[in-house]
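> Each chain, written out:
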Amino acid sequence: MLLPAYDLSFYEFDEENDPKTYGVLLCDLVHGKPPLKPLYIGIGWYWYYHGFRNAPEILCLPTTHGWDSRFIHGYPYITTIKTTEAEATEREPIFREKIRPFLEDFDGIWNLRKTELLRIYKEAKESRGLKAWEDIRKLSNIDLLSFFLDFTFIINRKEAETHMIMMTASYYISGLLQELWREIFGTEAPIDPDFNKIMAGYESQDIKVVRGLWRLGRRAVELGVQDVFETFDDEGVINELGKTKAGAQWLSEYNEFLLEHGWRCERMHAYDTPAWIEKPSLGINRIKMLMAKDVFPMDVEKVRVIEERKKTEIEVLAKVPEGQRDAFKVLMGAAQKSGFWSEDHTYFCDFYIGAIGRWIVTEYGRRFAEAGCIDDPEDIHFLHANEIRKAAIPMGRVNLRHYVERRKREWEESLKIDPKPFYGDISHAQSVLRSDPTLSVSTQVPIVREELKADLYGAAAAPGVTEGVARVIMGADKLAEIKPGEILVAPGTSAAWTVAFSIVKGLITDGGGALSHPVIMARENGIPCVAGCLEATAKIKTGQRVRVDGNRGVVYILNK
Amino acid sequence: MSEKYVYWFEELGQDHHNLAGKKCANLGEMAKLGLPVPPGFGLTVKAYEDFLAKTNAIQEIRNYFQGFHGSIDSIDQFNESSSEIRKIVESKAMPKGMGSMILLFYDDLCRKCNVDEVAVAIRSSGPVSHPGQYETYLNVKGKQDLLVKIIQVWASSFNPRSLAFRSRKGIPLESDPIGVAVLKMVNARAAGVVFTADPNTGDRSKMILEANWGLGESVVSGELMPDTYFVDKESLQIRERKLGTKQKYVTFKAVGVSEEETPPDKRSSFCLKDEEVAEVGRLAVTLEKHFGVPQDAEWAIDEDFPFPKNVILLQTRSAVIAQKKSAVDQVVDLMIKRL
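Sequence lines, in order, name chains A and B. Numbering follows our numbering, in which position 540 of the first sequence is assigned residue number 540; successive positions increment by one, without gaps. The number in our numbering is simply the position in the second sequence, starting from 1, with 1000 added.
Any given hint might turn out to be false.
[Stated by the list, open to error] Computed list of chain A residues with no C-beta within reach of chain B, every gap over 10 Å: (1) VAL330; (2) PRO484; (3) THR542.
[To be verified] Derived CB-CB ranges, DEER-like: (4) GLU179(A) to PHE1252(B): 47 to 55 Å; (5) LYS122(A) to ASP1333(B): 35 to 43 Å; (6) ILE142(A) to ASP1333(B): 38 to 46 Å; (7) SER1318(B) to THR84(A): 37 to 45 Å; (8) GLY186(A) to PRO1263(B): 37 to 45 Å; (9) ILE58(A) to VAL1128(B): 45 to 53 Å; (10) ILE58(A) to LEU1033(B): 53 to 61 Å; (11) ASP1333(B) to PHE185(A): 14 to 22 Å; (12) ILE58(A) to THR1228(B): 53 to 61 Å; (13) PRO421(A) to ASP1333(B): 54 to 62 Å.
[As the list claims (entries may be wrong)] One-sided excerpt, in silico: chain A residues whose CB lies under 8 Å from chain B: (14) PRO62; (15) ILE99; (16) ARG100; (17) GLU104; (18) ASP105; (19) ASP107; (20) GLY108; (21) TYR172; (22) LYS319; (23) ALA327; (24) LYS329; (25) LEU331.
In short, the hints are calculated from the structure, not lab data. Since we're looking at a predicted model, the values are computed, not measured. C-beta: ideal position from N, C-alpha, C; glycine also.
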């Protein structure tokens, strides 16, 4: 029997045959929980899964044709489409040629591609005369529809294909380095401080954005309006600043900043949370946290981090057997660049495309509600692209409520359940994960070492040891609750959380591996982090004292 | 004046590839350098040609090919032609003058070695090397057998694989003139090969030795797992050693040699002493320096001499090694291996 998947037939799960075909399907808890809404599953996620099939074919990966995916009770499950031995033999020589440029010049490839993505986004806006968030209201129904279709079928495809080709190359490079690391040094790279040191000290676009926020904070001090930030809540700050000349000056500078860098939503991989450019108060709490510092905190660490990286590179290379040293050096260089990519791409990929999607679908929600096609603008998240197209012209003639109602019901059901971690035979998991290392982006496993008698074991870590008071934060909108010097405990972190890294003393997360945001950003900030603990937010309570041992990748709860 | 068909190795050198073939020329070059090679002599390429001409074998071979209708390109045809032509060649007696000249050298060799009928190895020595293509006869004793075996080495230039090789390369089938090396047999306790670079990766910082008990033929044939040593070229220190299974080894019979099962205690112990490994390494480095390119040399440990005189070189040639792979290619290889 096929299980329903919001009318998206390619995601329907065949209970009988799919487990037989694939061995096992693993739940993507990293992205799938809380459950994604149908509109995003049908657009953004549709193209990401396409990207995970496209990249393996473009790069001719010998062992896999890429991911296959199903939605089961509202949750995404992934597995790999293995190649046959004959296919693997045929693909290998092509793979050799395709992966080569990434080893030689990962940065060069990424620079071209990210420039291209930004050009596409900007052209999509400028060719329609759009700049500010409200501008989209001026589009005629047909112009809005053409923007929507362009976004859905062209821009998204381009972004997803670029994204996953880079990600696949990055995982192959980083995965190989981790394997050699284990062989040569006998340690798991993601929790080895030396590994972390050699991966640190690369400035991603995200750090540049946070530096911009810090600068805006200093600008507020210069303009003498910092007391507004100290007195009012985030919304209040915006209102209050509008009342004075100095405040208005600051707001116009902030607005310029958002026009360039505000294309990011509170939650990635969904269109249902506001973008900064849509809701400028979202950036205010970050600015509040940073404005007291007269030097950008990451710049303080940067020099030390880079020096330490260079020193560690030399030490590490000296320990590599001579015959392997040249290869190791090339691999290490490429892995450093792919680690940097891992952090840098979010701005150009996930964030920007998500915010443009948010922009268009929010406008459709507004128009459809106003025209009586749906009851609530938020109902737009339960529709599919075809239905939006159907109702867009002529506007107001098509009733979309029955689509919304049954999908909303389905989605609300999924909210109530705890997804099964896998379907099929779990003994196939190792071979599935092995034949496609990119699957680990969604499936990290803690490295348990009983002898350390820790309360939590991480899948990856940033070096250093610290003790302090835990602060459990479940979403980026709650970041203002953090007090300086606390230890942040979170489900995971994304670029939206970056600002917190300059005030916390340590970090513990449920999700994340060696290339994840928490590990990379903790490293850049010189704070210890243990990521991928699976149940950190469940086990640790705010106020408890915890020890974060980033050198060994474990956490101790000191007063249980 | 009659043609000079035979030379002592000491009379030969690098310039004599065409005169007596590469093996003889290289043995000569090594002897001149004062390196330890077995005493012996080489027969010229002209000896092969004149043998075929004077015995009229060449005419019979030509007649055979002319009478052959259609092309020779199947394995069956190569086998059949080979056996016909070898019959022709091996049925001929050694021409008088040539034979007495060879025996004069053999007598001298016996005197030098202080043995009545010194045991010798008889190996082909082509101007262009075709390793493993022609036959070698080991532990040959006495004048009569010497001449028979020399003719058999010549005849082996008509073995099926040589015919197939010439056919594929478009070389005339009717003959392939080669020299012959006649060396005193080494009473080998152990023997093997040394590469002065890693033939697979092209890494030139280390040498690789492969060794087995007995004569070197078991190592050269590549049929069993010898002991392997990786030796640093600078320090001659052993960087790594791997014990081979050495299931079999080649040893002497009264005449000729035979392959035997290796006794268990010998299988489980390394067949070389570290000082012998270093000495082989030292000689190999000398060879590489002299010839200017990585060498693939054969050597043996002679039971009849004390160290270091027991380490004897049997032949050397330019090693066929991989171009050193770029670091990027090495990474790609690793990626493929671990996928």
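> Given GLU104(A) as an interface hint, is the shortest Cβ-Cβ distance to chain B below 8 Å?
holds (6 Å)
> Quick one: work out the minimum CB distance from VAL330(A) to chain B and report holds if it exceeds 10 Å, violated otherwise.
violated (4 Å)
> Does the Cβ pair ILE142(A), ASP1333(B) satisfy 38 to 46 Å?
violated (55 Å)
> Taking the Cβ atom of ASP1333(B) and the Cβ atom of PHE185(A), is their distance within the range 14 to 22 Å?
holds (21 Å)
> Do the Cβ positions of ILE58(A) and LEU1033(B) conform to the proposed distance bound of 53 to 61 Å?
holds (57 Å)
> Can the hint on LEU331(A) be confirmed by a CB-to-CB distance to chain B that is less than 8 Å?
Constraint on LEU331(A) satisfied, holds at 5 Å.
> Kindly confirm whether 37 to 45 Å is satisfied by the beta carbon distance between GLY186(A) and PRO1263(B).
holds (38 Å)
> Using 8 Å as the Cβ threshold, decide whether GLY108(A) counts as touching chain B.
Violated, about 14 Å.
> Should the interface hint for ARG100(A) be scored as holding, given a Cβ-Cβ cut-off of 8 Å against chain B?
OK, holds: ARG100(A) within 8 Å of chain B, min 6 Å.
> Have a go at the ASP105(A) hint: is there a Cβ in chain B nearer than 8 Å to its own Cβ?
violated (10 Å)
> Is the interface hint for LYS329(A) satisfied, with its Cβ closer than 8 Å to some Cβ of chain B?
holds (7 Å)
> For the restraint on ALA327(A), tell me whether the closest CB of chain B is nearer than 8 Å.
At 4 Å from the nearest chain B Cβ, ALA327(A) passes the 8 Å test, so the hint holds.
Figure legend: structure checked against the earlier numbered hints; hints not met, in rising order: 1, 6, 12, 13, 18, 19, 20, 22.
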